[in-house]
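Guided by the hints, dock chain B onto chain A, whose structure is given.
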Amino acid sequence: MAARRRRGSETAGGHLGEALPLERKLALYYWMRLTRTLEERLVALYRQTKVVGGLFRSLGQEADAVGSCFALESRDVMSPLIRNMGAMLVKGATPLEILKQYMAKGDSPTRGRELNIHFGDIGPAGTTRGFLGQISPLGDMVPVMAGVTMTFKMRGEDRVGLVYVGDGATSTGAFHEGINFAAVQRLPLVVIIENNGYAYSTPTAKQTAAKQFVDKAIGYGVYGEQCDGNDVLAVYDCTKRAVDRARAGEGVSLLEFMTYRRKGHAEHDNQSYVPEGEIERWAAENDPIDRFVRVLRDREGVRAETLAEIDARIVREIDAATDEAERSGVPHPLDALVGVYADPPAERPLWFREGADVSALGQERPEGWGTWDASKGGAR
Amino acid sequence: MAEITYLEAIREAIDEEMARDPNVFLMGEDIGAYGGAFKVTEGMLATYGEPRVIDTPISEIAIVGAAAGAAHMGMRPVVEMQFIDFIANAYDMLTNYVATARYRAFLPCPMVVRGPSGGYVRGGPFHSQNPEAGFIHTPGLKVVYPATAEDAKGLMKAAIRDDDCVLFFEHKYLYRRIKGVMPAGDHLVPIGQARTAREGTDLSIITYAATVHKALEAAERLQQQDGLSVEVIDLRSLAPLDDEAILATVRKTHRVLIVHEDTRTGGIAGELTARINEHAFAHLDAPVLRVTAHDIPLPYAPSLEDFVLPQVDDICVAARRLVAW
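Residue numbers (this note's numbering), protein chains in the order written: chain A, 4 to 383; chain B, 71 to 395.
For reference, chain A alone in the conformation it holds in the complex:
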């Protein structure tokens, strides 16, 4: 049960990652590049005020999201956090869905009810893609994923769950209760802590007194492992081991991915709290896509033209998705009233929205209205 520390590197990467065929390695490149290019497109749309709310980037964290989700089977269920758009893409979310979500379109996955990548598609294996939409209170998805994976165990289904949290969410009660509950129940759940250095503006040193988050695995009595989150093959390797353990009935794993958040909490955040030069150093020395390109080029002999073709294909896909998303309409206002409950299926608009006449108010005027006799009584 002891926590293991493994640090991947450009030359290591772990044997499971190394063993992936070139075609799968190129797929990893595709998903990482798609994540980055799609986010860059969203920045452009944000600056054109076409993105309705805030914009959240995962710049510099593409390897941890993509490499980990790549270790899941299609029947498995994954619950992303705000910097796991890459994981969602791997699990089958489309750029079109994400663009429509950010632009609050009426035919977006949540019909304009929820923000950004807060959407999902879970249910039976085979008919659903297996990602569960997050909510904003952090840590909450850990207990929920404990419940999802509990059903796998109850029904004897060969399915595994994976849930992402940030370094900040480890401080919540929900995280603690959820992982402890899952550990006691020995559920097939992989919990990933993406340690990217900051929770909004708060550095990890102000989040925990633990030397490293993976040490918490010992306290929960679960398997723990740490890896270089910017090495996509190491991330895959580490996650695959945990997924295999879960599938074999060996219970919960707690993984810590060491990475770095190069953008602010959201696009509005000027990162004034970050020490000078820190972001630039990570960008220059430890960009996960640059690192993987070197691996593909130097170790796999992939030609620059091959990657350029993938890049061009991604731009074409995102261009087409952007055009289509922009053509979509806004939600009809009355759609706001539908679907809070299964029964009743919709709420009624309030009277002042129906027109301010008395019948719309529902106020009844019985016989004798206005004839009330003040002599009968009054306030005491």
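Since the hints were made in silico from the structure, they are not lab data.
All C-beta atoms, glycine included, are put in the ideal place defined by N, C-alpha and C.
No false leads were slipped in.
Some chain A residues judged to face chain B by a derived CB distance under 10 Å, without partners named: (1) Arg-114; (2) Gly-123; (3) Ile-125; (4) Gly-142; (5) Asp-143; (6) Ala-149; (7) Thr-152; (8) Met-153; (9) Arg-158; (10) Ile-182; (11) Asn-183; (12) Gln-188; (13) Val-343.
Simulated coverage check for chain B against chain A, where a stretch passes if three residues somewhere in it have a Cβ under 8 Å from a Cβ of chain A: (14) 114-128; (15) 137-145; (16) 170-184; (17) 203-213.
Same frame as chain A, now just chain B:
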């Protein structure tokens, strides 16, 4: 048919639904081998086994969160808060996650969160609460709070079959004091329907849970001593409210007293008064009055608890003032 208690009626409902639907399962603290702090789930572990009767760590967030996850996947969890006071620990999970699930993400969340509630039992500040108002305020949750054994059973069965999350408040003062004969067959009480507990013409008392019995006692005394005909409406469901039944009794008696055991400020009496004002102001012959607990954390000593909570005498005082208006 023999009479059974309010508590046994709840157990019978859960048992019938577990037998009927293999997707129904139970989670909570000490609910398995021990049968629950009040023994509501006694015998369930022996009957249905461990996968369907799960003893959990002391983790209300995890209990409710895991129930939601299981509900998304087609299960129908029924989870116990050992005392309903501890539902506060799961407030975020219920209001932010569960209540919004269908609306924001089209995720079904059929689950029941149940637990012993209410005072009059010398339980002190953390074993006596009535936290319903905080949840009634949250769109996406349903809330029921039965006063009779028959309703306890029928509403529990309806709650388990409901496709959304139902908070099921059980009044612990009534657990073993109230009995009833269960209707034959598959006894369901629809959520959202009030019940006329006593017919009357001079004034209406609208209430729910333990104070239904206080109101009935007061009504009998007012009949005997003052010759007043008092109607008592038992709301049974607090979300959704039965507006038709509320307005019907206003139209009938023109005088309304709202009684609840919950504290006054922000309690459901304020919401009922507002609805009556909006829809039936002209039917009123007097302002709507309310008898509630004082705005005080519930104290332990009998003399203190009795002072803070609404009593039969208080209801009689308010009813007499209402008819003298």
